[in-house]
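Chains as they are written, first to last, in my numbering: chain C, 2 to 504; chain R, 2 to 504.
Hints were generated in silico from the structure; no laboratory data involved. Keep in mind that this is a model prediction, so the values were computed, not measured. Glycine is no exception: its CB is placed at the ideal position from the N, C-alpha and C atoms. Wrong hints could be hidden among the right ones.
Which chain C residues stay away from chain R? Per the calculated CB distances, all over 10 angstroms, these [stated by the list, open to error]:
1) D86
2) S250
3) D306
4) R309
5) P322
6) L370
7) Y417
8) E453
Chain R is faced by these chain C residues, among others (derived, beta-carbon under 7 angstroms) [to be verified]:
9) P54
10) N55
11) H195
12) K198
13) K218
14) V219
15) I228
16) K238
17) N373
18) G374
19) E380
20) P431
21) S432
22) N433
23) A448
24) S466
There are 2 protein chains.
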Amino acid sequence: MKNYSSKNENEENDLLTNDYLVKMNKYWQASNYLAIAQQYLLDNPLLRKPLEPNDIKKRIVAPWGTVPGQNFVYTHLNRVIKKFDLNMILLSGPGHGGHFWTAQTYLDGSLSEVYPQFSQDEKGLKNLCKAFCFPGGMSSHVASDMPGSLHEGGELGYSLSHASGAVFDNPDLIASVIVGDGEAETGPLATSWHINKFINPITDGAVLPILHLNGYKVANPTVLARISKTELKDFFKGLGWKPYFVEGSDPMTMHKLMCKTLDKVIIEIKELQDTARKNNDDTRPIWPMIVLRTLKGWTCPKEIDGVRIEGTHNAYHVPIPMTKPNHISLLEKWLRSHKPEELFDEKYKLKPELKALAPKGKSRFGANLHSNGGTLLKELKLPNFKKYAVPFSGHGTVNSQDTLVLSNFMRDIIKYNPENFRIFSPDELPSNRINAIYEITKSVFNAEIIKEDDNIAHGGRIMDSFLSEHMCEGWLEGYLLSGRHGTFVTYEAFATIINSMIS
Amino acid sequence: MKNYSSKNENEENDLLTNDYLVKMNKYWQASNYLAIAQQYLLDNPLLRKPLEPNDIKKRIVAPWGTVPGQNFVYTHLNRVIKKFDLNMILLSGPGHGGHFWTAQTYLDGSLSEVYPQFSQDEKGLKNLCKAFCFPGGMSSHVASDMPGSLHEGGELGYSLSHASGAVFDNPDLIASVIVGDGEAETGPLATSWHINKFINPITDGAVLPILHLNGYKVANPTVLARISKTELKDFFKGLGWKPYFVEGSDPMTMHKLMCKTLDKVIIEIKELQDTARKNNDDTRPIWPMIVLRTLKGWTCPKEIDGVRIEGTHNAYHVPIPMTKPNHISLLEKWLRSHKPEELFDEKYKLKPELKALAPKGKSRFGANLHSNGGTLLKELKLPNFKKYAVPFSGHGTVNSQDTLVLSNFMRDIIKYNPENFRIFSPDELPSNRINAIYEITKSVFNAEIIKEDDNIAHGGRIMDSFLSEHMCEGWLEGYLLSGRHGTFVTYEAFATIINSMIS
Numbered sequence: 002m003k004n005y006s007s008k009n010e011n012e013e014n015d016l017l018t019n020d021y022l023v024k025m026n027k028y029w030q031a032s033n034y035l036a037i038a039q040q041y042l043l044d045n046p047l048l049r050k051p052l053e054p055n056d057i058k059k060r061i062v063a064p065w066g067t068v069p070g071q072n073f074v075y076t077h078l079n080r081v082i083k084k085f086d087l088n089m090i091l092l093s094g095p096g097h098g099g100h101f102w103t104a105q106t107y108l109d110g111s112l113s114e115v116y117p118q119f120s121q122d123e124k125g126l127k128n129l130c131k132a133f134c135f136p137g138g139m140s141s142h143v144a145s146d147m148p149g150s151l152h153e154g155g156e157l158g159y160s161l162s163h164a165s166g167a168v169f170d171n172p173d174l175i176a177s178v179i180v181g182d183g184e185a186e187t188g189p190l191a192t193s194w195h196i197n198k199f200i201n202p203i204t205d206g207a208v209l210p211i212l213h214l215n216g217y218k219v220a221n222p223t224v225l226a227r228i229s230k231t232e233l234k235d236f237f238k239g240l241g242w243k244p245y246f247v248e249g250s251d252p253m254t255m256h257k258l259m260c261k262t263l264d265k266v267i268i269e270i271k272e273l274q275d276t277a278r279k280n281n282d283d284t285r286p287i288w289p290m291i292v293l294r295t296l297k298g299w300t301c302p303k304e305i306d307g308v309r310i311e312g313t314h315n316a317y318h319v320p321i322p323m324t325k326p327n328h329i330s331l332l333e334k335w336l337r338s339h340k341p342e343e344l345f346d347e348k349y350k351l352k353p354e355l356k357a358l359a360p361k362g363k364s365r366f367g368a369n370l371h372s373n374g375g376t377l378l379k380e381l382k383l384p385n386f387k388k389y390a391v392p393f394s395g396h397g398t399v400n401s402q403d404t405l406v407l408s409n410f411m412r413d414i415i416k417y418n419p420e421n422f423r424i425f426s427p428d429e430l431p432s433n434r435i436n437a438i439y440e441i442t443k444s445v446f447n448a449e450i451i452k453e454d455d456n457i458a459h460g461g462r463i464m465d466s467f468l469s470e471h472m473c474e475g476w477l478e479g480y481l482l483s484g485r486h487g488t489f490v491t492y493e494a495f496a497t498i499i500n501s502m503i504s
Numbered sequence: 002m003k004n005y006s007s008k009n010e011n012e013e014n015d016l017l018t019n020d021y022l023v024k025m026n027k028y029w030q031a032s033n034y035l036a037i038a039q040q041y042l043l044d045n046p047l048l049r050k051p052l053e054p055n056d057i058k059k060r061i062v063a064p065w066g067t068v069p070g071q072n073f074v075y076t077h078l079n080r081v082i083k084k085f086d087l088n089m090i091l092l093s094g095p096g097h098g099g100h101f102w103t104a105q106t107y108l109d110g111s112l113s114e115v116y117p118q119f120s121q122d123e124k125g126l127k128n129l130c131k132a133f134c135f136p137g138g139m140s141s142h143v144a145s146d147m148p149g150s151l152h153e154g155g156e157l158g159y160s161l162s163h164a165s166g167a168v169f170d171n172p173d174l175i176a177s178v179i180v181g182d183g184e185a186e187t188g189p190l191a192t193s194w195h196i197n198k199f200i201n202p203i204t205d206g207a208v209l210p211i212l213h214l215n216g217y218k219v220a221n222p223t224v225l226a227r228i229s230k231t232e233l234k235d236f237f238k239g240l241g242w243k244p245y246f247v248e249g250s251d252p253m254t255m256h257k258l259m260c261k262t263l264d265k266v267i268i269e270i271k272e273l274q275d276t277a278r279k280n281n282d283d284t285r286p287i288w289p290m291i292v293l294r295t296l297k298g299w300t301c302p303k304e305i306d307g308v309r310i311e312g313t314h315n316a317y318h319v320p321i322p323m324t325k326p327n328h329i330s331l332l333e334k335w336l337r338s339h340k341p342e343e344l345f346d347e348k349y350k351l352k353p354e355l356k357a358l359a360p361k362g363k364s365r366f367g368a369n370l371h372s373n374g375g376t377l378l379k380e381l382k383l384p385n386f387k388k389y390a391v392p393f394s395g396h397g398t399v400n401s402q403d404t405l406v407l408s409n410f411m412r413d414i415i416k417y418n419p420e421n422f423r424i425f426s427p428d429e430l431p432s433n434r435i436n437a438i439y440e441i442t443k444s445v446f447n448a449e450i451i452k453e454d455d456n457i458a459h460g461g462r463i464m465d466s467f468l469s470e471h472m473c474e475g476w477l478e479g480y481l482l483s484g485r486h487g488t489f490v491t492y493e494a495f496a497t498i499i500n501s502m503i504s
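Please put together the full structure from these sequences, using the hints given.
Here's what the structure looks like:
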């Protein structure tokens, strides 16, 4: 079990002590604090003086509700990355909450390495607060310019397919995905739970979906949060996943539960991979996943002016609207409830005992090379296209088909690049006469295969056996952004289905 | 139980006899025969003389594989329409197989009523065969110009949302939907199983999904056909449906099973509605659905030139390609295996004892007014828009918001049209400031409602509590095409997601 034994036995034992969980909780509070500070503040980021109207942004726009849950996941994944020495990336599915990502990458230092203006001092922290959701600054979603962000937020529904694209041909990579429960209602996300039929446990990495049931989208409850637990379990079992539930609202109880669950889940993933690799058996395993049920806006004020906020759709956006003079003191109280003075030292730096909880170097989400594919990109080996030319001596003398010729060229690209080139298509390759590629490899299909099937295999390199433009586009994007090459084949008539993502 | 008792007790008893099933089988064979004839023949439609090369189309393009299964469903739904006196429409989800629809509407006469050139005689039948998939004729999918077609085929994934849109505010209507297993892989379809959280058992009708697992799409097996029955059951249970399985390949066994299952399912739908309406309880019921597993290309040749056809992806398109001279005799043998001389009389008319199996008049799928919405359309009552004008005396004198004003106008349209106008939006009404509408009615949400929820209800008229552009677009389209009015509210940035359907 060496691959997934604890790196640090002492730390492992620490976990059993309350002390470690208290530190984790503080780390989580630090990330939540920084997110609120980015949402509201222009100045006075650690409240070293009383909060003044001038410290506050004139227009407060970023949706907050999803932030504490996502910070919770990030903080906990940090722990397992360290404990198991994981090569893991994180994709944030919800459309907003970008300040959770900037808060976390600021805390672990990866943001400051890419953007020196967000330095680990008072000035850097001020800059960070001001820049978020501010003209010329950073967007309200986890955008592509945030370090470690492979999955651009905004249009919902592609987090799982992006994650899956990223782990193809990356056998040691785990892509954790926070799936928003609003996002989960979109078509592209709904069908992408089927990624587990296209992941090879030997040659690909693993995807760990964490469905974040915080109950509300912009104005309404989410469907998956309002069906019975039995239905939810059946749903995921039917889709071939093994769901683990982490549900509650008391932070310390939730920390303990999440630690235990994540340990179990990571060990399970590693064991499934070990078994498959040891026995050379690439049959689809039942991969684990997590259903994380938290309050919307968890830890924000319970009620303001008689209106319930925490745990309702009122927490989606701005928990404390700056509409009344006394709301400034409410905001100050909320910020101070995180005890920033216990989290940061006098030089505005995260305290060392908390900093020690984050992974180091390239193990941090903000610095993992797989989510910054350009750094890993190897040149595609291309055969000389001239040798595929159809010789002709005059008009009307030759009978040939363009895509059949093209398919010979594609076949050889696959041959020359067995580990970093794939073709993606929604079940349209043979009907487009891209046939020659099957001489080299097969279509990936990791559901049941029967003896009459000819062109499909658990281990193949052609991604054309799922009829969803959305899924195929997401796969391609994840594969490219993690530093590989690929192409997309579809009919012109159906290309508009994924217009919004392609453009 | 008068609403769903048998209309005709004798017929009911007939069902128990083999005689009735034999007739149903012949009706099915007649529809399959006509589909093959449309696919291949230009002339000699009932093979009254030996088949000659000149009788055959030069280019045979329509995909056949889905046809016999869809004909099977149509034939069986005809029976329950008659037996229970149902007001039912049918939507064909698979992208092709349009000749099943033209065959069936020709058999029941509704096609000939709309298109006199397809008369019920030799000439009409010849015209029908020639017109299908022929320049200037009819398309290979169930297009909007085919009588009774509310759901245009082609782009996959909208069959369930269209069906659901059609039954809103149509409490007596049942929309049966053949969902293709290829179609089921698309994002829009995958998320639309959730329609059951938006159908009100008192004021709306019912949707009966029939998932047609014939195992293959164009070139590959389908995922839902290649997971275990346990997973498939869990999947549908998790989505809140009660699945009934009809599986097999022996026609007579399958007829019996389908009769029994459909009887059970229709009675269940009616009982759920009766109970809800009697008790004024609009809580989401667990609606029944059917999983129909058949061979791909069921009843076509098992093997040609050593290549397996029936039950494989080779049956998707043209089971007998006209590539070798001896294939004409294979085609003739296949056509004659249906014994057309036992199905049609000497005047090329369907024999009366078979014709008697189809419903009459407006009960036929091809003539149901709900799938030809223009015939039912009532004018929308619009308030005078001038009374919503914002009075102003000069530039810069008035502070107002355009969409807030618009929302007053929309509120009153809802008020004046309580049964045939709905607003559709992917969770974006309050964020677009369309607030006033909630003074009149609530958002439809038929999953769990808790006491903190303010704007949602099982019975409402606003369709904005599901975050899927695809679903909302499908709902709107189904609502409009069945003869009502509606509007779609979304952000400009996200409108391109459904570009291909809108345009």
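Distance rule for L370/C, whose beta carbon must clear each one in chain R by more than 10 angstroms: holds (30 angstroms)
P54/C as chain R interface residue, shortest Cβ-Cβ below 7 angstroms: violated (23 angstroms)
Hint status (Cβ of P431/C to nearest Cβ of chain R, threshold 7 angstroms): Holds. Min distance 4 angstroms.
Restraint check, 7 angstroms cut-off on beta carbons, for H195/C near chain R: Hint holds; H195/C Cβ to chain R Cβ min 6 angstroms, cut 7 angstroms.
Closest C-beta approach of N433/C to chain R relative to 7 angstroms, hint status: violated (10 angstroms)
I228/C as an interface hint toward chain R, with CB separation required under 7 angstroms: holds (6 angstroms)
Reported absence of P322/C from the contact zone with chain R (all CB gaps over 10 angstroms): P322/C clear of chain R: closest Cβ-Cβ about 14 angstroms, beyond 10 angstroms.
Chain R contact restraint on N55/C - CB to CB distance below 7 angstroms: With Cβ-Cβ at 25 angstroms, over 7 angstroms, it is violated.
10 angstroms Cβ clearance of E453/C from chain R: Contrary to the label, E453/C does not stay out of reach of chain R, its closest Cβ about 6 angstroms off (not over 10 angstroms).
Restraint check, 7 angstroms cut-off on beta carbons, for E380/C near chain R: violated (31 angstroms)
Interface hint outcome for K218/C [beta carbon to chain R under 7 angstroms]: holds (5 angstroms)
Restraint satisfaction for K238/C [CB to CB of chain R, less than 7 angstroms]: holds (4 angstroms)
Of the hints listed earlier, those the structure fails to meet are numbers 4, 8, 9, 10, 17, 18, 19, 22, in rising order.
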